[in-house]
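Engineer: Chains A and B, in that order, are what the protein sequence lines are. Here the numbering used here is used: position 185 in the first sequence is 185, and no number is missing along the way. Here the numbering used here is used: position 25 in the second sequence is 25, and no number is missing along the way.
Calculated from the structure, these hints are not laboratory results. These numbers were taken from a predicted model, which means no experiment stands behind them. Please note: incorrect hints may appear among the correct ones.
[Claimed, not checked] Some chain B residues close to chain A (C-beta under 8 Å, calculated; not the full set):
| id | residue |
| --- | --- |
| 1 | 47 |
| 2 | 142 |
| 3 | 144 |
| 4 | 145 |
| 5 | 147 |
| 6 | 148 |
| 7 | 150 |
| 8 | 151 |
| 9 | 195 |
| 10 | 197 |
C-beta atoms are modelled at their ideal positions from N, C-alpha and C, and glycine is treated no differently.
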Amino acid sequence: MMDHTRNEIIIKVEHLYKSFKSEIVLSDISLELFHGENLVVLGKSGAGKSVLLKCITGLIPPDKGDIILFDHNISDLNEDALNNLKKRIGYVFQGAALYDSMSVRENLLFPLERAENEISHKEKGFIIEEILENVGLKDSINKMPSELSGGMRKRAGLARALVLRPEIIMYDEPTTGLDPATSHEISELILQVQRIFRTSSIIVTHDMHCARLTSNRIMILENSCFIADGTYESLRKNKTKSVQDYFLN
Amino acid sequence: MLSFSTRVFKQKIMRTTGQDEGFTAQLKDFFVDFGSLARFTGKVIRELFKKTTEFREFLRQAYYVGYKSLPLVGITAFILGLVLTLQTRPVMADLGAEAWLPGMVIVSIIREIGPVITALIFTGRVASGFGAELSSMRVTEQIDAMEVSGINPVKYLVVTRVMAATLMVPVLVIYSDGIAFIGSFFGVNIQSSITFQLFLKNAFDSVHFYDIIPATIKTFFFGFAIGVISCYKGYYTDRGTAGVGLAANSAVVSSSLAVFVIDLIVVQLTELII
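With the sequences and hints as input, model every part of the structure.
Structural biologist: And the structure:
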C-alpha cells in the first residue's frame, strides 16, 4: 500500500440524500477523500454505490446535501465551470462505456482533442501510446471495442480516464464480470496507476479481494448509509455482524 | 342484491371514473413529456448558436442522413410520380383536361406529396437510427462517459444530428421532387407521346412562386422536428436494452405525427398569408 498525505481533502460529501420516486438510495451520506488515497466503497449490489459516484461527478443531481470537489461546491458552479472541474476527474465505468464506433486510439483521442488545444497531433499520439503502454494495451491501439475482451475493455476504459491526467479516478465496479486472474490484474493495475500517476481514487465494488488489494481505507455502504469506515485490517476485526458478513468468505 | 339498473349505473360510474383517471394520467404524461421536449429543444437551440467545433461530426451525419438516403428517396419519388400520373390520368381524360395532367401532378408533388412523403421516408430511415443510436449510447453509459470528460454531449451528439436533419430534408425534398417529375414524365408517355421540354413547360406553367416557397420552408421545420424529437427520444431513454427498441419506435411515431402537425399549421398559415 502507498503512503498518502492525510491532510488535504479533495472530495468532501456532506449529508447527501438521493431517492428515485419512493425508493431511498442514499440517506445522509458523508465522506471525505484525501489526497493520494484509494478509498473503497464496499457494498452489496443495489446498495447505491454507483449512484453515489454519479452524484459526486455531477451526473445525477442529489436531492439534498453538499458535494465539494477541490474546494468548489458543485451546486454553485455553472455548466462551463463544472465541465472544467470534471476534466480533473477520470471515471472508469462498470461496462467500460467505450465509444463503440471508435477504435481504442480514437476513444482516447476524443476527450484529448476537446480538452487540449495547445498540444500538437503528434504529441497527442505520444500521450495515447504512453498511456496504453502503462495499462498494457499498446498492441490493441487500432482495435475496435467489439474486438476486445472484458479485461481489455476495462483497461481501455481506464486508459481513456487517464488521458486527461486526472487527479481523481472513480472506479465503478472495476472487477465485475471478470475471471479471478483478470480481476487480480485489474486490481494491481489500479495500484500501479495510483503510484505512477499519483491519483486519488474512489473505488466502488462488492469484490472483497479487490477491496483488500487496492484500498487505503474502506467505507461500507448498506441500507442507504455508511455503517463502517476503516482500514481493511481494522474492519476485519470489527465484531458487528453486518460488517463481519463481508469477511465471511 | 342490487337491482339491474343500479348495477349497470355503478358499473358505468366505475368505468367512467377509471377512464377519467387513465385519461388524466395520460394527459399529464403527455404535458410532462411535451414540457421536457420543449426544454430540450431550447437547449439544442442555445447550443446551435454557440461557436460550433463539431463540424466534422456534422459532416459525417449529413453524409449519413443525406447522401445515404438518396437511393431510397429517389426510388420512392420515381414510383410516386409515375403512379400519381397513372392514377390521375383517367379522371383528367374524362374531364377533357389531359393537357393539364403534368401541371396538376407537379403542383401536387411540389406543394404536398413531395415534402410530406420524403419527410416520412426520412423519418423511417433516420429518426429510428437517431433514436436507437442515442438510446444505446445512453444505456451503455457512453453519454455519461462524455459528460464526465467535460464534453457536452448535446453539442456533439444532438446538435450535429439536428443540424444535419434540418439541412438535409430540404435537399432531399428538392431531389425527390426532381425524380418525381421524371417519374411523372414516364407516366405521361406510357399512353401518349410528349417531349420532356413540353412536359416541363406544361408543368411549370401551373406552378407559382407561392407553391414553391412555403413548401420549401416547411421542409426545414420537418427536418428540425424530426431531428429534435428522435434525438430527444433516444437521449432520455431508460429501461435498459428494452428502452432502445422503444426509443426507436417512439422516435418514428412521434416524428411522423410532428410532420403532419407542422404540415397542417404551415398550410393554414399559407392560406392566411397568401
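Engineer: Each of the hints needs a verdict: does it hold here or not?
Structural biologist: Checked hints:
no., hint, in the structure
1, 47, "violated (11 Å)"
2, 142, "holds (5 Å)"
3, 144, "holds (5 Å)"
4, 145, "holds (4 Å)"
5, 147, "holds (6 Å)"
6, 148, "holds (4 Å)"
7, 150, "holds (4 Å)"
8, 151, "holds (5 Å)"
9, 195, "violated (49 Å)"
10, 197, "violated (48 Å)"
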